[in-house]
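Participant: Chains as they are written, first to last, in our numbering: chain C, 1 to 431; chain S, 1 to 431.
Source of the hints: derived by calculation from the structure; they are not laboratory data.
Among the hints, erroneous ones may be present.
Anything over 10 Å on all C-beta distances counts as not near chain C; from chain S, calculated [unchecked claim]:
#, residue
1, GLU66
2, GLU253
3, ILE341
Coverage of chain C stretches by chain S, computed from C-beta distances (three or more under 8 Å per stretch; other residues unrestricted) [unchecked claim]:
#, stretch
4, 27-35
5, 67-78
For every residue, glycine included, the Cβ atom is placed at its ideal position computed from N, Cα and C.
2 protein chains.
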Amino acid sequence: MKIQNLTNNITLKRPLESGNEEQLQTVREVLANVRQNGDAAVKGYGAKWDGVLLNELRVSPEEMSEAVSSMDAQLVEDLKEAALNIRAYHDKQKRQGYQLNLENNSWLGQRITALASVGLYVPGGSAAYPSSVLMNVIPAQVAGVERIVLVSPPGKDGKLPAAVLTAASILGITEIYKIGGAQAIGALAYGTESIQAVDKITGPGNIFVALAKREVFGEVAIDMIAGPSEIAIIADENAYADEIAADLLSQAEHDPMACAILVTTSERFAEEVAEEVENQLTSLPREAIARKAIENFGSIYIAETLAEAVQAINQLAPEHLEIVTDNAEAVAEQIRNAGAIFIGRYSSEPVGDYFAGTNHVLPTNSTARFASGLNVDDFIKKTSVVYYTKETWAQNSPKIARLARLEGLEAHARAVESRGWDKGDESSGSN
Amino acid sequence: MKIQNLTNNITLKRPLESGNEEQLQTVREVLANVRQNGDAAVKGYGAKWDGVLLNELRVSPEEMSEAVSSMDAQLVEDLKEAALNIRAYHDKQKRQGYQLNLENNSWLGQRITALASVGLYVPGGSAAYPSSVLMNVIPAQVAGVERIVLVSPPGKDGKLPAAVLTAASILGITEIYKIGGAQAIGALAYGTESIQAVDKITGPGNIFVALAKREVFGEVAIDMIAGPSEIAIIADENAYADEIAADLLSQAEHDPMACAILVTTSERFAEEVAEEVENQLTSLPREAIARKAIENFGSIYIAETLAEAVQAINQLAPEHLEIVTDNAEAVAEQIRNAGAIFIGRYSSEPVGDYFAGTNHVLPTNSTARFASGLNVDDFIKKTSVVYYTKETWAQNSPKIARLARLEGLEAHARAVESRGWDKGDESSGSN
Numbered sequence: 001m002k003i004q005n006l007t008n009n010i011t012l013k014r015p016l017e018s019g020n021e022e023q024l025q026t027v028r029e030v031l032a033n034v035r036q037n038g039d040a041a042v043k044g045y046g047a048k049w050d051g052v053l054l055n056e057l058r059v060s061p062e063e064m065s066e067a068v069s070s071m072d073a074q075l076v077e078d079l080k081e082a083a084l085n086i087r088a089y090h091d092k093q094k095r096q097g098y099q100l101n102l103e104n105n106s107w108l109g110q111r112i113t114a115l116a117s118v119g120l121y122v123p124g125g126s127a128a129y130p131s132s133v134l135m136n137v138i139p140a141q142v143a144g145v146e147r148i149v150l151v152s153p154p155g156k157d158g159k160l161p162a163a164v165l166t167a168a169s170i171l172g173i174t175e176i177y178k179i180g181g182a183q184a185i186g187a188l189a190y191g192t193e194s195i196q197a198v199d200k201i202t203g204p205g206n207i208f209v210a211l212a213k214r215e216v217f218g219e220v221a222i223d224m225i226a227g228p229s230e231i232a233i234i235a236d237e238n239a240y241a242d243e244i245a246a247d248l249l250s251q252a253e254h255d256p257m258a259c260a261i262l263v264t265t266s267e268r269f270a271e272e273v274a275e276e277v278e279n280q281l282t283s284l285p286r287e288a289i290a291r292k293a294i295e296n297f298g299s300i301y302i303a304e305t306l307a308e309a310v311q312a313i314n315q316l317a318p319e320h321l322e323i324v325t326d327n328a329e330a331v332a333e334q335i336r337n338a339g340a341i342f343i344g345r346y347s348s349e350p351v352g353d354y355f356a357g358t359n360h361v362l363p364t365n366s367t368a369r370f371a372s373g374l375n376v377d378d379f380i381k382k383t384s385v386v387y388y389t390k391e392t393w394a395q396n397s398p399k400i401a402r403l404a405r406l407e408g409l410e411a412h413a414r415a416v417e418s419r420g421w422d423k424g425d426e427s428s429g430s431n
Numbered sequence: 001m002k003i004q005n006l007t008n009n010i011t012l013k014r015p016l017e018s019g020n021e022e023q024l025q026t027v028r029e030v031l032a033n034v035r036q037n038g039d040a041a042v043k044g045y046g047a048k049w050d051g052v053l054l055n056e057l058r059v060s061p062e063e064m065s066e067a068v069s070s071m072d073a074q075l076v077e078d079l080k081e082a083a084l085n086i087r088a089y090h091d092k093q094k095r096q097g098y099q100l101n102l103e104n105n106s107w108l109g110q111r112i113t114a115l116a117s118v119g120l121y122v123p124g125g126s127a128a129y130p131s132s133v134l135m136n137v138i139p140a141q142v143a144g145v146e147r148i149v150l151v152s153p154p155g156k157d158g159k160l161p162a163a164v165l166t167a168a169s170i171l172g173i174t175e176i177y178k179i180g181g182a183q184a185i186g187a188l189a190y191g192t193e194s195i196q197a198v199d200k201i202t203g204p205g206n207i208f209v210a211l212a213k214r215e216v217f218g219e220v221a222i223d224m225i226a227g228p229s230e231i232a233i234i235a236d237e238n239a240y241a242d243e244i245a246a247d248l249l250s251q252a253e254h255d256p257m258a259c260a261i262l263v264t265t266s267e268r269f270a271e272e273v274a275e276e277v278e279n280q281l282t283s284l285p286r287e288a289i290a291r292k293a294i295e296n297f298g299s300i301y302i303a304e305t306l307a308e309a310v311q312a313i314n315q316l317a318p319e320h321l322e323i324v325t326d327n328a329e330a331v332a333e334q335i336r337n338a339g340a341i342f343i344g345r346y347s348s349e350p351v352g353d354y355f356a357g358t359n360h361v362l363p364t365n366s367t368a369r370f371a372s373g374l375n376v377d378d379f380i381k382k383t384s385v386v387y388y389t390k391e392t393w394a395q396n397s398p399k400i401a402r403l404a405r406l407e408g409l410e411a412h413a414r415a416v417e418s419r420g421w422d423k424g425d426e427s428s429g430s431n
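Bound-form chain C, shown alone:
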């Protein structure tokens, strides 16, 4: 792992995979076909890309119970406990609207409404990601979304992983379709004969899924397009090199494009960590992936002072930040830009990936300067409400008309002025 002095121009930005023209064309074809031909198109693409032609896209109650009973009981308990923790953390994000009373019985309001329906994409492939189910579904449930749909590409056996179905079952989710890729995004955005369209689509996926989400954006809402994962760690010489190395590798194993950065005030510690990373790499099942990430996007920076390290982190705005120093809480107070902060030796980043309760869907690629992790607000919307009585109108309509005319919008002025006193006060809507 490279060791270098901290400078002003460090970055964790990597070129985002934006897809090539051919992939985009494919996605557009798929979406148009799904829009026009519905289930038939979705099933056809499933046969082609997932290697299985399904008669019935929806997971049956029998499949669900089979999956749950096939799971290791301890793991079911672990998932349940994680779900409880995630719900407890997100419950605090629930919001209420408000009313602002004005003079003369007029009032303004803000109303909070849950989205009516959301679709969650759960990636398939070789691994199962039950944690994605928990992290996407629970905030939507806390928000009060009535209809939550899961989609995920099946294996060649036409089934979804037991762990994914078990996580869904724990949360009471029953509308699950065995579809993936751009065709799943199309089905969620436009609807088909058997799948009703949703208002918002969340969840990670491959480049085809990401491109499809971008294409349907506007028609439906989407969550962020996530980039490869990142970890940044601030550690001083009292931290343990083997632990910091393990944490750097936990992100590196995600993706050859993942980024792992340590900023430390100790040159000796930097060298120890570099050595530990090399040692631990060789015994990792996903060594090849992690090694590429560390070689290309791994760095250890030596900072002169802790203040300098903090400044560098605020510039990087990493997805995950660990602080393993003396007075780690005080250091955390100085961090302005990070998706999630893990304080102290015992808050290793995977604690938040799976279990603590915070969300693991977090802003990447320095967007933590302005973006937030997935949260309950992502599943609600706000409507403003204006109620003016006759008295408030009478008092203010000349001002409103003047402001409208200042902008050259005469019809706006006339609309406000059109409310006449001479047409009687007891007309409809004057209450």
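For chain C, the structure is supplied; the task is to place chain S on it using the hints.
Facilitator: What follows is chain S alone, placed relative to chain C:
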């Protein structure tokens, strides 16, 4: 204005102006040039498109005070009162983070941080839009954004409209640049010698501005890309036809693509409104624009029942909704999808455009199903915080490691397990 019976497939969706290939190429060239050549590029494009070559891009204190003193004193008072109202409404949107205490002194937190800097684009051209300044700046100020920058294209005299500068002055905004078009978006996104980059860009603009915002998205945050304005009105036979017609026209005068829809339970009333619209149209300064909008995107629908009208509105999800019926408040309770709701005869929609206090930046094109008007949340971000003590770690690390291994992520499991009891408890970060 067309009168027709309400059916299930009404829509207010219009084709969004997405720009042609040539416009996109122009925007990309401009952005690349600004990125590389900074101020020189911005000034060059200003000379080309705004017709004035500026030495100094920033508005001087002298220009500001000149503008303010040239304004009609009554209008300054009106703008000040509007600003107070807008601030009072948005103040209620301020949020606090929270802490969730766990067993064994562990805790989770959500931290709310204002964005560090935002740039607001104020459109130029023939008219001045001081209300855009108020509606974009005030939520950012309430959020606590430290640096708020205004950009707007100057007239051929090299000046900005006095009304825009006055609105800025009322709000205490002093960093204002006389730049517009894609080059202004480039300057805000990448920074130049004289303009520091911002974290988020908001505000409406022409197609070049919209395309440029889409291009820089990811590098910085942007607000929604707004479509043409819309109004939908539910009115019964007790409403006044001249008032409803005036309100329909107040949106129609914005844009030939604007949409104005009335849903009413009374055929007689429908006919009266259609006649009034025609009468009022002929005397409007912006008749040509309003007439196009009414002809192409104006409709009066006859509903059998009020319930049917409500259902139609929830399907349309209009930007603005007026309810002018008996028991209008009760009807409003049944509305799920609308950007803003105006209740009763005296809450004409321009009341909210200029003065009442709610925001006039609202979701268009049916996106009110899932999107909200501009609000304080658009200028903050949330960071999650995890603090686990040794005890909490010890209790939960086996569970976390099992969940990581279930997903095939061995390095995640090892990171959590790496925290050893045998290395001493008093190490750094263990507090």
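Participant: Hints broken by the structure, by number, lowest first?
Facilitator: 2, 3 and 4
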